[in-house]
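Residue numbers (UniProt numbering), protein chains in the order written: chain A, 1 to 557; chain B, 1 to 99.
Quick caveat, the hints were computed from the structure, so don't treat them as lab data.
Don't take each hint at face value.
[What the hints assert, rightly or not] Straight-line alpha carbon distances no greater than 30 Å define the calculated DSSO-like cross-link-like pairs of lysine-lysine that follow: (1) B:K68 x B:K95; (2) B:K68 x A:K77; (3) A:K165 x A:K214; (4) A:K394 x A:K340; (5) A:K340 x B:K68; (6) A:K167 x A:K274; (7) B:K71 x A:K97; (8) A:K394 x A:K440; (9) A:K77 x A:K110.
A quick note: this is a predicted structure, and the numbers were derived from the prediction, not measured.
Listed below are the residues making up each chain.
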Amino acid sequence: MYQYSDFDAAFVASRNSQFRQQVERRIDGSLTEDEFRPLRLMNGLYLQLHAYMLRVAIPYGTLSSTQLRQLAYVAQKWDRGYGHFTTRQNMQFNWPKLSDVPDILDALAKVQLHAIQTSGNTIRNVTADHFAGAAADEIADPRPVAELIRQWSTDHPEFQFLPRKFKIAITGSPNDRAVTKAHDIGLRMVEQNGEPGFEVIVGGGLGRTPMIGKVVRDFLPRADLLPYLEAIVSVWNLLGRRDNKFKSRIKITVHEHGIDDIRARVEERFETLKPAFNGVDQDILAGIEAQFAPPEFRVGPTDLYDAAYANDPVFRSWADTNLAAHRAEGYAIVQVSLKKQGETPGDASTEQMRLLADLAERYGHDELRISHEQNVILPHVHKSDLPAIHAELKAQRLATANIGLISDIIACPGMDYCTLATARSIPIAQEIATRFDELKLEHDIGALKIKISGCINACGHHHVGHIGILGLDRAGVENYQITLGGDHTETAALGDRTGRGFAADEVIPAIERLIHAYLDLRDDRAETFLDAYRRLGADPFKAALYPEKQESRANAA
Amino acid sequence: MPRIYTPKVVTANALIEGDVIYLTANDSWTRDLSSAEILTDEAHAQLRLLEADSRQDEAVGAYLADVKPGKTGPEPTHFREDFRRTGPSNYFHGKQAQR
């Protein structure tokens, strides 16, 4: 993993000390809120519905056990004993006091964590495939490049006052687990004639105007990455709409100008910028790569795993559902679900964080990942250690076997915390998960992504959920709109709106009708909800959602 | 007939804790909506909001929220204000835990 250089450490320390003084000046009245607000946002501090919220960057979703333990310490000492993992691989603390935030940031800096550029109109935390460096299907580990982008984008003088926020995601695998097509820039590592490079996707995004990103360059040689990124951001920085917040993101710029016009401008700018990058970035990248050398994978028998798998049905179910293929022989990627039915998606208590840190240290080469799906990953675990890990996870209610199933729901904080929200998300997620657990249908239903947002800004990725749920305020009542057929992977697609929304107490019955329709309609168990939707189209599913329409049609006939 | 003014309270977030506060008739801040001053006159409400806004070292983001008079004082008319006076629904945290 990357270790801070002296420069990094000094930079973070100086930002923290500046912010400490800014907080002091706010509290003693020398700064008004209007003056203070942009300063706190530059350091990840929001004011939410019930309290301040501090968003801590987890760079490309990678944590060491020491870092996770420190997050647990912050949660215990200054918050309410838990933290919330977000869809951009960050951690949010929901209850810090303004006067404590400088101490929190200093505590985080001790373990090389910060909240810089987790907010505001800057380039945000670069997200990556949560299986990076471990996945069997990977071309290369994308994290060294993500770290290079972090260093380039942090405090970049040209990009501190962008038209709007700017999000970059990167994957090193053809199977896209990083939602690259719904980012301002998505990078996919590819090879051409044996040469490594990137497919560069631009102008994706969710929110009120969802767009699937478009390919601006199908092959960019590796060494050209930073000047090319700089060209894209600088073209948008000049062209992007500053007159209208809702039209300021690059997806609108690409949409309004067309991808060909944007490509021409980017290529022109790139030619100007390229000579300025004289190779220093590649030297830095080589240094970073050395720090991401894979751990020394152990070679050993997997008898313990095989025995547990054969004899313990609970373990087998968990292994079948929560493990993913590792590139090293005898190893597995462990996905720890933070979605126990009825719990808040993405929340981890201090005890859970400490256990996960211990497990990573003892069994997992000291590495953890946070997924955009709000779960925790132990990326490198030898299979012989899995029975022991499973037993310890069970004790902290972390052994739920539901990864990729109906209760593994993405939900934004919604109106339980967020000032922008128009309705709650968390209770809907809790109720759906609890209901299908009661019905014991979860494993029969199979792969299904439900994603819930509590407002049109779509932090809960509802547009790319197989089933998307969007919470709105309809005449002073919470109302939930359903979309179907979304896909967040390399075959990305936006879901289709089904029709009128549902009141809070109608949502769960509606989802139940939808699922029963799918179970009736599917060819066999191998056909997932999304496959069935793609084969059959929306009509049979709409009929299940709105039975009253069918009745009135029948009556009319 | 003049339009009937929906009663209001002045509400904001506390500067240090960030939690929800309401302005009382005696110019103090309360954390309990039922103790807030009900404003039934538009001009008076605007004046109270200006006064609240000037207290930058105590409160952030003051605004007027609709209420209706209830048995124990003002009651929210919108679910957002109901959540603000209660706390989140997934944990017993926030105002509901402080009563």
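Okay, the hints, checked on the actual structure:
1. B:K68 x B:K95: Measuring from Cα to Cα gives roughly 20 Å; hence the hint holds.
2. B:K68 x A:K77: violated (39 Å)
3. A:K165 x A:K214: At roughly 19 Å apart (the allowed maximum being 30 Å), K214 of chain A and K165 of chain A satisfy the hint.
4. A:K394 x A:K340: holds (11 Å)
5. A:K340 x B:K68: violated (39 Å)
6. A:K167 x A:K274: holds (22 Å)
7. B:K71 x A:K97: Roughly 33 Å separates the two Cα atoms, so the pair is violated.
8. A:K394 x A:K440: Measuring from Cα to Cα gives roughly 19 Å; hence the hint holds.
9. A:K77 x A:K110: Holds, at about 15 Å.
In terms of the numbered hints stated before, the structure departs from hints 2, 5 and 7, listed from lowest to highest.
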